[in-house]
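Trainee: Quick note on my numbering: the sequence shown kicks off at 6 and runs consecutively.
Simulated from the structure, these hints should not be mistaken for lab results. One should not assume that every hint holds.
Stated by the list, open to error - Heads up, simulated SDA-like pairs for lysine to any residue below, C-alpha to C-alpha not over 20 Å straight-line:
{"#": "1", "residue 1": "K61", "residue 2": "L20"}
{"#": "2", "residue 1": "K92", "residue 2": "S71"}
{"#": "3", "residue 1": "K32", "residue 2": "Y13"}
{"#": "4", "residue 1": "K59", "residue 2": "I93"}
{"#": "5", "residue 1": "K91", "residue 2": "N75"}
{"#": "6", "residue 1": "K77", "residue 2": "K102"}
{"#": "7", "residue 1": "K14", "residue 2": "K32"}
{"#": "8", "residue 1": "K9", "residue 2": "F35"}
{"#": "9", "residue 1": "K15", "residue 2": "S71"}
{"#": "10", "residue 1": "K14", "residue 2": "E52"}
{"#": "11", "residue 1": "K32", "residue 2": "W63"}
{"#": "12", "residue 1": "K84", "residue 2": "V99"}
{"#": "13", "residue 1": "K15", "residue 2": "K33"}
{"#": "14", "residue 1": "K59", "residue 2": "Q11"}
{"#": "15", "residue 1": "K61", "residue 2": "K77"}
{"#": "16", "residue 1": "K33", "residue 2": "I7"}
{"#": "17", "residue 1": "K32", "residue 2": "S18"}
{"#": "18", "residue 1": "K77", "residue 2": "R31"}
{"#": "19", "residue 1": "K61", "residue 2": "R31"}
{"#": "20", "residue 1": "K92", "residue 2": "I103"}
{"#": "21", "residue 1": "K92", "residue 2": "V27"}
{"#": "22", "residue 1": "K14", "residue 2": "I55"}
{"#": "23", "residue 1": "K14", "residue 2": "F37"}
{"#": "24", "residue 1": "K61", "residue 2": "I49"}
{"#": "25", "residue 1": "K77", "residue 2": "E52"}
{"#": "26", "residue 1": "K61", "residue 2": "K91"}
{"#": "27", "residue 1": "K33", "residue 2": "I12"}
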Amino acid sequence: MINKKQIYKKAYSLLSKRDYSVAVMRKKLFDFADTDSSDDFCEIIIEGIIEDLKEKNWLSDERVVSTYLNSKGNLYGEKRIWFELKKIGIDHQVIEKILQTFEFCDHEKAKYFW
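Throw the hints in and build the complete structure from the sequences for me.
Mentor: Shown next, in the form of structure tokens:
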């Protein structure tokens, strides 16, 4: 059976490569532990690890959204971005909050610069 230390190590390893949404990290840790959310003991451990990572700001849905917008925000429209972020498990309130601060590329501006 896998232990808490091994799950932490896996989470750190994943986060050392890139940011993950909470939902994707949860799925990856459950896959690593080779169990599902019906295993109460493992669920408690994984949820505790996720909360700890969030408190330390190592796991942040807001950062995932901001990073995504910085890399894809001017390539895709708002609907596509919503779809892609929902697909990786980002809560709609988090998406809404970050999107309000983002200025999408306006077609008229794009025509002007082209």
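Trainee: Run every hint past the structure and note whether it holds.
Mentor: Quick rundown of the hints versus the structure:
1. K61 <-> L20: 12 Å, holds
2. K92 <-> S71: 16 Å, holds
3. K32 <-> Y13: Holds, at roughly 14 Å.
4. K59 <-> I93: 17 Å, holds
5. K91 <-> N75: The hint holds at about 17 Å.
6. K77 <-> K102: Holds, because 17 Å separates the two Cα atoms, which is no more than 20 Å.
7. K14 <-> K32: Given that 20 Å is the threshold and the Cα spacing comes to 15 Å, the pair holds.
8. K9 <-> F35: 12 Å, holds
9. K15 <-> S71: Roughly 24 Å between the alpha carbons, so the hint for K15 and S71 is violated.
10. K14 <-> E52: This hinted pair holds, its Cα atoms lying about 15 Å apart.
11. K32 <-> W63: With Cα atoms ~17 Å apart, K32 and W63 stay inside 20 Å; holds.
12. K84 <-> V99: Given pair K84, V99 holds - Cα atoms ~15 Å apart, limit 20 Å.
13. K15 <-> K33: 9 Å, holds
14. K59 <-> Q11: 18 Å, holds
15. K61 <-> K77: Violated, at about 27 Å.
16. K33 <-> I7: Holds: K33 and I7 sit about 14 Å apart, inside 20 Å.
17. K32 <-> S18: Between K32 and S18 the Cα gap is close to 15 Å, so the pair holds against 20 Å.
18. K77 <-> R31: 24 Å, violated
19. K61 <-> R31: 16 Å, holds
20. K92 <-> I103: Holds, at roughly 16 Å.
21. K92 <-> V27: OK: K92 and V27 at ~12 Å, within 20 Å.
22. K14 <-> I55: 12 Å, holds
23. K14 <-> F37: 11 Å, holds
24. K61 <-> I49: The hint holds at about 18 Å.
25. K77 <-> E52: Cα-Cα ~30 Å, so violated.
26. K61 <-> K91: 24 Å, violated
27. K33 <-> I12: Holds, because 10 Å separates the two Cα atoms, which is no more than 20 Å.
When each numbered hint is compared with the structure, violations occur for hints 9, 15, 18, 25, 26.
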